[in-house]
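Novice: In terms of the working numbering, the sequence shown opens at residue 62 and continues consecutively.
Hints listed in this document are in silico derivations from the structure and should not be mistaken for laboratory results. Quick reminder that beta carbons are idealized off the backbone N, C-alpha and C, glycines included. Treat the hints with care, since some could be wrong.
[Claimed, not checked] As a list, the in silico SDA-like pairs of lysine to any residue whose alpha-carbon atoms are at most 25 Å apart: (1) K123 with Q113; (2) K123 with D138; (3) K123 with G141; (4) K123 with H175; (5) K123 with Q104; (6) K123 with N112; (7) K123 with G107; (8) K123 with T66; (9) K123 with V178; (10) K123 with D179; (11) K123 with A77; (12) K123 with G91; (13) K123 with W109; (14) K123 with H174; (15) K123 with S96; (16) K123 with R111; (17) K123 with T108; (18) K123 with F84; (19) K123 with D97; (20) K123 with Q99; (21) K123 with G182.
[Said to hold, decoys possible] Derived DEER-like restraints, expressed as beta-carbon distance ranges: (22) E85 with D160: 10 to 20 Å; (23) T63 with D137: 30 to 40 Å; (24) R111 with D138: 17 to 27 Å.
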Amino acid sequence: MTAPTPSQLASVGFAALAIGKAFEALEQAGFPLDSDQQARLSQAVGTWLRNQLGDAEVDAAKQALGETLGGEDADDDEIGAAITAAGSSVAIIFSTLDDAPTEAFDAASEALHHALVDAYGEESIAALQVNQPSE
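Take the sequences, apply the hints, and build the full model.
Specialist: Below is the structure:
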């Protein structure tokens with residue numbers, strides 16, 4: 062198994078973070094999910110991620126996620142992968158839940174933005190978000 066790239070690590074790490082932040086935001090908005098709903102939504106994000114990266118790459122990244130992501134040495138590919146994974150994961154979850162409150166989507170999106178800024182810096186995130194295609 063080859064070592065995962067920083068972009069693959071960022072994709073897997075921020076997809077997982079997005080799932081947690083979305084579930085937390087839904088709970089706080091009075092829209093708790095049962096374990097079956099959580100599993101179904103996590104699976105939808107996992108399927109998207111595996112389609113983007115490949116099974117072996119996702120598995121390798123999951124195993125290696127103990128390493129630190131982000132920092133000043135992160136390149137545009139890593140940062141872009143993190144932005145895409147975070148945004149797409151939240152979009153997948155909330156598009157699957159037709160009746161989820163908008164404020165939960167906004168809260169999850171804001172929490173992920175802060176996590177991205179913490180990992181990569183405001184300037185890096187702002188510069189790359191301008192260039193990201195909308196889903």
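Novice: Now tell me, hint by hint, if it's right for this structure.
Specialist: Against the structure, the hints:
1. K123 with Q113: holds, 15 Å
2. K123 with D138: Distance ~18 Å between K123 and D138 Cα, so the pair holds.
3. K123 with G141: holds, 19 Å
4. K123 with H175: holds, 22 Å
5. K123 with Q104: Within the cut-off at roughly 15 Å; holds.
6. K123 with N112: Between K123 and N112 the Cα gap is close to 15 Å, so the pair holds against 25 Å.
7. K123 with G107: holds, 11 Å
8. K123 with T66: holds, 12 Å
9. K123 with V178: holds, 22 Å
10. K123 with D179: With a Cα-Cα distance of about 21 Å, the restraint between K123 and D179 holds, given a limit of 25 Å.
11. K123 with A77: holds, 10 Å
12. K123 with G91: Violated: K123 and G91 sit about 31 Å apart, past 25 Å.
13. K123 with W109: holds, 15 Å
14. K123 with H174: With a Cα-Cα distance of about 22 Å, the restraint between K123 and H174 holds, given a limit of 25 Å.
15. K123 with S96: holds, 22 Å
16. K123 with R111: Holds - the C-alpha atoms of R111 and K123 are around 12 Å apart, at most 25 Å.
17. K123 with T108: holds, 14 Å
18. K123 with F84: Holds: K123 and F84 sit about 20 Å apart, inside 25 Å.
19. K123 with D97: Roughly 22 Å between the alpha carbons, so the hint for K123 and D97 holds.
20. K123 with Q99: holds, 19 Å
21. K123 with G182: Holds, because 24 Å separates the two Cα atoms, which is no more than 25 Å.
22. E85 with D160: 10 to 20 Å: Holds - the Cβ-Cβ distance for E85 and D160, about 18 Å, lies within 10 to 20 Å.
23. T63 with D137: 30 to 40 Å: violated, 22 Å
24. R111 with D138: 17 to 27 Å: Given about 19 Å between the Cβ atoms, the range holds.
This entry does not satisfy hints 12, 23, going by the numbered hints stated previously.
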